[in-house]
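Visitor: Line order of the protein sequences matches chains A and B. Under the numbering used here, the first sequence has 107 at position 105, and the numbering climbs by one with no breaks. Under the numbering used here, the second sequence has 660 at position 26, and the numbering climbs by one with no breaks.
Hints are supplied without guarantee of correctness; some may be wrong.
Unchecked claim - Pairs of lysine to any residue, SDA-like flavour, derived with a Cα cap of 20 Å:
| # | chain 1 | residue 1 | chain 2 | residue 2 |
| --- | --- | --- | --- | --- |
| 1 | A | K62 | A | S87 |
| 2 | A | K54 | A | Y32 |
| 3 | B | K675 | A | A88 |
| 4 | A | K102 | B | G732 |
| 5 | B | K675 | A | D86 |
| 6 | B | K654 | B | L751 |
| 7 | A | K102 | B | A636 |
| 8 | B | K675 | A | S5 |
| 9 | A | K102 | B | L751 |
| 10 | B | K675 | A | T14 |
| 11 | A | K62 | B | P739 |
| 12 | A | K102 | B | T665 |
| 13 | A | K51 | B | L751 |
| 14 | A | K58 | B | P739 |
To be verified - With the C-beta cut set under 10 Å, the calculated list includes, among others, these residues of chain A facing chain B:
| # | residue |
| --- | --- |
| 15 | L46 |
| 16 | G106 |
| 17 | Q107 |
What the hints assert, rightly or not - Far from chain B by the CB rule (all over 10 Å, computed), these chain A residues:
| # | residue |
| --- | --- |
| 18 | V13 |
| 19 | A19 |
| 20 | T26 |
| 21 | Q47 |
| 22 | A55 |
| 23 | S60 |
| 24 | S74 |
| 25 | H76 |
| 26 | G80 |
| 27 | Q83 |
| 28 | D86 |
| 29 | T110 |
| 30 | K114 |
| 31 | P115 |
If you're looking for bench data, these hints aren't it; they were derived computationally from the structure. Don't be surprised by glycine CBs; every beta carbon is placed ideally from N, CA and C.
If you want the building blocks of each chain, they are given just below.
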Amino acid sequence: GNSVTQMEGPVTLSEEAFLTINCTYTATGYPSLFWYVQYPGEGLQLLLKATKADDKGSNKGFEATYRKETTSFHLEKGSVQVSDSAVYFCALRGSSNTGKLIFGQGTTLQVKP
Amino acid sequence: GAVVSQHPSRVICKSGTSVKIECRSLDFQATTMFWYRQFPKQSLMLMATSNEGSKATYEQGVEKDKFLINHASLTLSTLTVTSAHPEDSSFYICSARGTEAGNQPQHFGDGTRLSIL
Chain A
3 GNSVTQMEGP
13 VTLSEEAFLT
23 INCTYTATGY
33 PSLFWYVQYP
43 GEGLQLLLKA
53 TKADDKGSNK
63 GFEATYRKET
73 TSFHLEKGSV
83 QVSDSAVYFC
93 ALRGSSNTGK
103 LIFGQGTTLQ
113 VKP
Chain B
635 GAVVSQHPSR
645 VICKSGTSVK
655 IECRSLDFQA
665 TTMFWYRQFP
675 KQSLMLMATS
685 NEGSKATYEQ
695 GVEKDKFLIN
705 HASLTLSTLT
715 VTSAHPEDSS
725 FYICSARGTE
735 AGNQPQHFGD
745 GTRLSIL
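Just chain A, with the same shape it has in the complex:
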């Protein structure tokens, strides 16, 4: 079945450092891929998405490229801020029409001043 694997956290960086959070997936067909962010005590917010191979999703300085050849959707940001501290979830939605999301286990990012 479909699955998502994220790098284990926590990830601790200094402000303005480069961020990469790895995400790989297993799926049949052509899934859509998402990154969600969860701030403490809150629900999830959609950060970015990509719906087909080679698409690049971007938002708020974050980017991720849908790589079908490596089944990956790594999240990157060139210069993180303290306010980026949160839990990041990679997710996929299969090509069926159920709309179900499969989430990775989440990666906690802590950015220190």
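For chain A, the structure is supplied; the task is to place chain B on it using the hints.
Guide: Showing chain B alone in chain A's frame:
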């Protein structure tokens, strides 16, 4: 952007109480809503998929008589935790997906922290 409102944000109640959580899409119509449960420092576990006007589809291992879901309109779904016990304490999150065709993303509520004493 699309807004999903979840209420209440926090509930503390005694064991044996039934608790209702509401999930509303405020500025769009949602044919499908999803209910998730999240344990501390863990990922989201899908509990059920709620379709307007029909019975919810529950994931394996989720007790449908324990977690009652009603999706009576295109903007409201409710989750009722019946006769709640301490092991039901968790963070419950709903999401909603719009009715438009195409790859509509899910929009999430802010979650409900349920604590059963």
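Visitor: So which hints don't hold here, by number, going up?
Guide: Hints 9, 13, 21 and 29 are the ones this structure does not satisfy, whereas the remaining hints hold.
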